[in-house]
Amino acid sequence: MEKILEISSLTAGYGDQVVLSDINLTVYEKDFIGIIGPNGGGKTTLLKAVMGLVKPFSGKVKFFHRESGDDRNIIGYLPQMNNLDRDFPISVTDVVLSGLMSKEGVFSRYSGRQKELALNLLEKLGIYNLRKKPVGELSGGQLQRVYLCRALISSPRLLMLDEPNTFVDTRFETDFYEILRELNEEMAVIIVSHDVGTITWYVKTIACVNRNLHYHRSNVITQEQLEAYNCPIQIITHGDVPHTVLKKHGKNHDN
Amino acid sequence: MIINLAELLQYRFFTNALLAATLTSIACGIIGTYIVSRRIVFISGGITHASFGGIGIGYYYGFSPILGAALFAVLSALGIEMISKRSGVREDSLIGILWSFGMATGIIFIFMSPGYAPDLMGYLFGNIMTVSDGILIVMAILSTIIVLFFIIFYKPILFIAFDQEYAKTHNYPVQLMNSVLITLVALTIVMSIKVAGIILVLSLLTLPQTTANTFSKDFRTIMIWSVIFAFTGSFTGLLISFEMNIPSGASIIFSLILIFLVFKVLYWAITRMRVIKQLKKNKL
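Residue numbers (our numbering), protein chains in the order written: chain A, 31 to 285; chain B, 12 to 295.
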């Protein structure tokens, strides 16, 4: 298996506050990792550190690409949506095309082929009819799909999604995970989610992040294991998803 | 009295005013779209008022007040952009501080200047009739730079303004681009002071854009229509100011507001008619 991303002894945070400590994780081709953990445990910070939005205090993030090129270009990133300005005058197609930013120079206009690529992606995710709409007129679920297109247009080797199901309507949710499963044939996927019950159903492996990271090489996780990982989260179950229901976490736990 | 445009065009001060209105409309139409889209109207207000400090210092030391204003505007613009991120002072508080600091500095220096401060009202409320050839040349250069900059860098400007964080993940020079743009904002404001004055200039940067925004939600379209609206408003305002002998800055603002109201009502009427049509269709 080919390596895509290697995080070694990464420590990161904000100001003088350490949020992540000594994180090690290697992502290979075809990986499908679900990142779980309590709020404030550092899940989003981990993705941001990989994307270069948070400067690590120490440690390294290394990218492996097939051909030489821009480092972060191998990652398609779907950030959390809460800081989006809905009134910004930009169309759906333009947002998707902005995912090509670093592949293209600062000056160049988009070629017909790139526009076609954007439209094909929109079609694939069932929102072709929205292509000319301003982002302000979309629902949360539609916007999420637009963001997914933006993340995918650069044909990344690794797709990183931060809470993609926050705004997604339940009807689209199953579709969304099926799309991810399909995408996983071509690229590695890392997904951060609150909805632990559902993601464990789709992912191949689980990473528990709560200041430290514990990698669990299976998508079945038990209460004992979660406790051992110092990962106080509550699993809400769906149907016959393999599951464990946790009680609220106590104070001290040994790793 | 009906204005005879052909006759007016023979006066140098009128052709200068018309040229100034055209150049200001181009710069303000484009820069204003950026300001409104990025929601940095308050920052722009801060920059505008801070520039008054430079005007006062210019009066006192006897150099061009507009040059002083440009210096103050650019420094406060870059200051807001950089300091608030590093010092931990909240951005809007910092704007408020610079806003009043500039005004205070300005009034102190003007008060200390010996004699009468000529054209002070012009700086506060605008006087497009007194635009000199020198300022026209500066306006022409700045407008050209802005037009070229926005044509060449349209994509990064749009994408960085829309989603800075995402642009950073693609290794875009976000910081550099923001600094260049805020400098252009500051210079546009200073150049427009002659037309609308410190107190009224914000309207040139927001009213045409808001008018265009009633029927378009596309950055490029808003930019183009803003230039058109800004020009129509300035031209109409200029004529009204002649005809009624009132200050040009104020009459330009009123024309812009009038255009805005006309479009707002038109837009409302059109959507209303569409709804009624739809309802009738459903009934049949």
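Please note that the accuracy of each hint is not assured.
[Stated by the list, open to error] Quick list of in silico lysine to any residue cross-link-like pairs, SDA-like style, CA-CA up to 20 Å: (1) A:K163 <-> B:K179; (2) B:K179 <-> A:T74; (3) A:K85 <-> B:L187; (4) A:K85 <-> B:Q175; (5) A:K154 <-> A:F118; (6) A:K163 <-> B:D229; (7) B:K96 <-> A:K163; (8) B:K96 <-> A:T123; (9) B:K275 <-> B:K291; (10) B:K179 <-> A:K154; (11) A:K92 <-> B:K179.
These are computed hints drawn from the structure, not numbers from a lab.
Going down the list of hints, with the structure as the test:
This hinted pair does not check out: A:K163 and B:K179 have alpha carbons roughly 25 Å apart, beyond 20 Å. Only pairs whose Cα atoms come within 20 Å are accepted, and B:K179 paired with A:T74 is accepted, the gap being roughly 16 Å. In summary, the hint linking A:K85 to B:L187 is supported, as the alpha carbons are separated by about 19 Å, within the 20 Å threshold. About 16 Å separates the Cα atoms of A:K85 and B:Q175, which keeps this hinted pair within 20 Å; it holds.
Under the criterion of a C-alpha separation no larger than 20 Å, the hint pairing A:K154 with A:F118 is inconsistent with the structure, at around 25 Å. For a cut-off of 20 Å, the pair hint linking A:K163 to B:D229 stands: about 9 Å separates their Cα positions. Under the criterion of a C-alpha separation no larger than 20 Å, the hint pairing B:K96 with A:K163 is inconsistent with the structure, at around 34 Å. At most 20 Å may separate the alpha-carbon atoms for a hinted pair to count; B:K96 and A:T123 exceed this at roughly 32 Å.
Note on B:K275 and B:K291: the hinted pairing is violated, with a Cα-Cα distance of about 24 Å set against a maximum of 20 Å. A C-alpha spacing of about 27 Å is found between B:K179 and A:K154, which places the hinted pair above 20 Å, so the restraint is violated. Our distance criterion of 20 Å between C-alpha atoms is met by A:K92 and B:K179, whose separation comes to about 18 Å.
Taken one by one, the earlier hints fail for this structure at numbers 1, 5, 7, 8, 9, 10, listed in ascending order.
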